[in-house]
Every structure is written in C-alpha cells, then in structure tokens.
Amino acid sequence: MNRRTFLFLSATFATGCATVPGGANFSSGNAERVVNAGPGGQYLADGIYPRFRDLGFFIVRRGANLSAFSAICTHKHCKLEAEPDKIFYCPCHGSTFNLDGIVTKGPARRNLPVFEMSTDENGNLLVKIPAA
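In my numbering, the protein residues as written are 15 to 146.
No lab work stands behind these hints, which were simulated from the structure alone.
All values derive from a computational prediction rather than experimental measurement.
Backbone N, C-alpha and C define an ideal beta-carbon position, used for all residues, glycine too.
If you anchor each label on the Cβ, the simulated ranges turn out as follows:
{"id": "1", "residue 1": "E130", "residue 2": "G55", "range": "13 to 23 Å"}
{"id": "2", "residue 1": "H107", "residue 2": "E135", "range": "35 to 45 Å"}
{"id": "3", "residue 1": "N50", "residue 2": "K119", "range": "32 to 42 Å"}
Heads up, simulated DSSO-like pairs for lysine-lysine below, C-alpha to C-alpha not over 30 Å straight-line:
{"id": "4", "residue 1": "K90", "residue 2": "K100"}
{"id": "5", "residue 1": "K119", "residue 2": "K142"}
{"id": "6", "residue 1": "K100", "residue 2": "K142"}
{"id": "7", "residue 1": "K93", "residue 2": "K119"}
{"id": "8", "residue 1": "K90", "residue 2": "K119"}
{"id": "9", "residue 1": "K90", "residue 2": "K142"}
{"id": "10", "residue 1": "K142", "residue 2": "K93"}
{"id": "11", "residue 1": "K100", "residue 2": "K119"}
Model the full assembly from the supplied sequences, consistent with the hints where possible.
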C-alpha cells in the first residue's frame with residue numbers, strides 16, 4: 015500500500031470507524047460475527063462491491079463514504095441483487111433500494127440495515143454482522 019492510499023484510507027476510516035486491535039474472527043451460531051473483508055485499499059473506486067453477498071452484505075463506496083448494507087430484503091428476507099444501474103433489487107417481489115439503502119420501490123417498507131465497520135491494525139476492513 016502506498017502512502018497516498020494509506021492516508022486516504024486512514025482519513026476515511028477515522029471519520030466513521032474505530033480501530034480494532036487483535037483483528038477479527040468468525041463466530042458460529044446466532045452470535046454476532048465479524049467478517050474480514052480484506053484490505054481497505056481494494057474499495058477505493060465508487061460503486062457496489064457484491065463479493066460478500068452470500069455472507070449477507072454489500073460494501074458500497076460513494077465518494078469519501080464507505081458503508082456495508084445488508085444483502086437481505088426487508089420485505090420477505092430474499093437475497094438482493096446488485097444491479098448495474100446502482101440499485102439493489104429483490105428478485106422475489108421487486109423491491110428496490112438506492113445506494114443509501116433507502117427503499118425506492120415496494121413492497122418493502124423498511125430501509126436496509128447498515129452494518130458497523132472498522133479496521134484492524136493491518137488495514138483490513140472488518141464488517142460486524144448482527145445476530146439473527
């Protein structure tokens with residue numbers, strides 16, 4: 015990671031994330047779990063990062079803001095798709111959500127949950143998934 019990337023990530027994470035000493039581990043059962051989403055430097059471009067959809071979340075970069083949104087529709091708990099026109103779409107009943115996780119078309123009525131994020135001492139992005 016070069017100096018410019020390090021400074022950019024430091025400023026980005028300092029505004030909304032705390033450093034977590036000791037890294038993160040996966041946990042099992044209904045307990046909260048933490049997912050290591052890899053080096054923060056891989057999320058520098060604006061857009062949706064769907065790599066963790068099957069683990070239940072999307073990472074979204076919009077300018078200086080980096081967020082993790084649930085990949086599960088708030089209507090009937092179907093897995094969302096990330097569409098090229100920068101929306102989240104539910105294939106089960108047609109709900110859509112914008113890049114802020116806000117419902118733009120029902121039948122869903124609740125916005126997408128936003129998951130807490132932090133970085134570890136190695137600059138890896140950690141996403142905290144709440145217990146089910």
